[in-house]
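Start from chain A and add chain B according to the hints.
The listed protein sequences correspond, in order, to chains A and B. So for the first sequence, the numbering used here puts the first residue at 3; every next one is plus one. So for the second sequence, the numbering used here puts the first residue at 2; every next one is plus one.
Just so you know, the hints here were simulated from the structure itself, not pulled from any lab data. A quick note: this is a predicted structure, and the numbers were derived from the prediction, not measured.
In the SDA-like style, the derived pairs of lysine to any residue whose C-alpha atoms are separated by at most 25 Å in a straight line are:
1. A:321 - B:221
2. A:321 - B:127
3. A:321 - B:126
4. A:321 - B:238
5. A:321 - B:240
6. A:321 - A:224
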Amino acid sequence: MRYSTDPMKERPVTPGDRPRTRPTRPRNGPGIRGREGVAGWLFAAPVVVILGLFLLAPILLALWVSLSDWNGSGSPLASGVHFVGGRNYAALLTRDGLARDDFMVSLRNNFYYVLLVVPLQTVLALGLALALHRRRLAGRNFFRTAYYFPSVTSSVAISVVFLFLFSSSGTINALLRLVGVHGPSWFADPRGILQLLLFQLGLADPAHPPAMLAGHHVFGLSVWDWLSGPSVAMCSIVFLVVWTSAGGYMLMFLAALQNLPVSVQEAAVVDGATPSQRLRRVTLPMIRPTVFLVLTIGLIGTWQVFDQIYVMSQGNPGKTTLTPAYLSYTTSFTSQQWGRGTAIAFILFLVIVVFTVIQRWVLRERDGRRRWSRRPTA
Amino acid sequence: MTRQRSRRETLRSRAARIAGLAALVVVAAVYLYPFLIQLGTSFKTDHDATAHPLNPIPQTWTTAAFRQLAQVDFPRWALNSAVVAVCVTVGRVFFDSLAGYALARMRFRGRGALFAAVIAVMAVPSVVELIPKFLMLNQLGMYDSYAGMIVPLMADAAGVFIMKQFLESIPASVEESARIDGAGPFRTFWSVVLPMARPALITLTILSFQASWNELPHFIISRQSPSLSTLTTGVASLVSGQLGSGNRFPLKLAAALLMTIPVALVYLTFQRYFVRGANEGVDKG
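Chain A with its partners taken away, still in its complex shape (with noise of 0.2 Å):
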């Protein structure tokens, strides 16, 4: 941005140069500028054109998709292909019956794996970033090298090395079995550790649920099965995507952290501030725009979780690892009703927009209100 304002910068060099080069242009140009004109075009041609043939275009394809009856034989835009309305995203939304339920089920699945997810990689990036950011730390760049290493990894890759940690004889168990702890087999365990956690407590008993919580049905699915909590299997799934992404984000945080001017801090020592006073009335309140990032760029990704579970589960066990993206490539892929798949789509895409607006809300309420977020007047 600094050097953008090039007119400032031409002004000494060009004005006495310019005429002296124009008869040299040819005689029917538009001159410099104009010739610019196409060449600006011309540049971003390429890139224009990829976009918008796959990536503009094809939106509004599926979107018409969405609206229609395409089974997936010829071409959506054939004469034989209907416009059907709102059919498609009823049969999500309010049409009682197995299409609206395993959406429900994925959108559950996905709202614990981000409720889960987000918090988590967000609080081991910032210690993580917060103990690497010290002033005389050995060996600070081999370890930011090795929190960093799973983010450059294919995530097929670190998909394979997670079923086999995770497997039922893995070496998740074997450390468990150290320690006394007879581990689950955790990809093939369909409870969700909510109720597990009731049953534990002797509050309920999964083989009979309370009938006030399996009585009553909201959109399809009972008030049990809402509050099951996730899967043991998407734990699984959860422990991988922590593990892997907080090294990205640890990184933004520590190029936050080197961002802040050293005096504020030096400042609150001499005030006789504590290291934990400093964190969280100085160091916290200074890098909330990246925390506010990391919140918001972490809420889209897991929204989207599609790969580890098209390596790892499938949806599987019992459907509790299913998400509304990996749902809508089997409705569209794998039993052809093309229309629905898209409709999941763009639904996910509104639940996406509408969950980053509640966050924004959430956390822009709480300005100067509590503590954590007071800004210093700097």
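Frame of chain A; chain B shown alone:
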């Protein structure tokens, strides 16, 4: 302040420092041990893998997993991944820097709108584009071809953004003098601007290579022939397909190991560019 108190504080901060270092070491172990396990298990027998999951060192070393991989089309997947990654990277670096230059330096009607469109495209969640992309490839007759796998990835909005930001930060005077010497826009771009943009070009090259090498969803929806399978789709089919039945973990882990090596080498060599790429996200916000 008494001396005692300051000494207590030094002790305390030293204890905190040691505790912090210990935590970092433990976390580093959590981050590196899975890769050690992966490396070791690739050379184990099937039985050894499940019998001693905590020990990365094989009881008996065997390369059986790698020999089996050679028989399940793994070389073909690797070749496809390499072809796609190279084409996508070359295309992305060239097209993104062309567009980035146009947005940074050239004055033309609609530039503001174009930049706004680039930002808007970055904001669209990629999962929403998945099925639409298939529909379009199908419509254009590009489904199940190298073209369909490569061309849609050859431009990305984030890359344009990175190039634009970088080019704006270098002084315009050099290009101005090139232009005054009679160089056309493309010549100015090619022989004056690009050489100056080397750091950004390296960043973009590395990020594009890594992204296309690791790409999974696009290759799921743009092809179906096994002969067009990449490492990502191929290894995924190893896990979830017929070969996935039974615990053939050495085979799967060896496949995952091999596909990780190229990116790992690039990462260890060009680490600072990865860090810069990750931090572009901060500027975007």
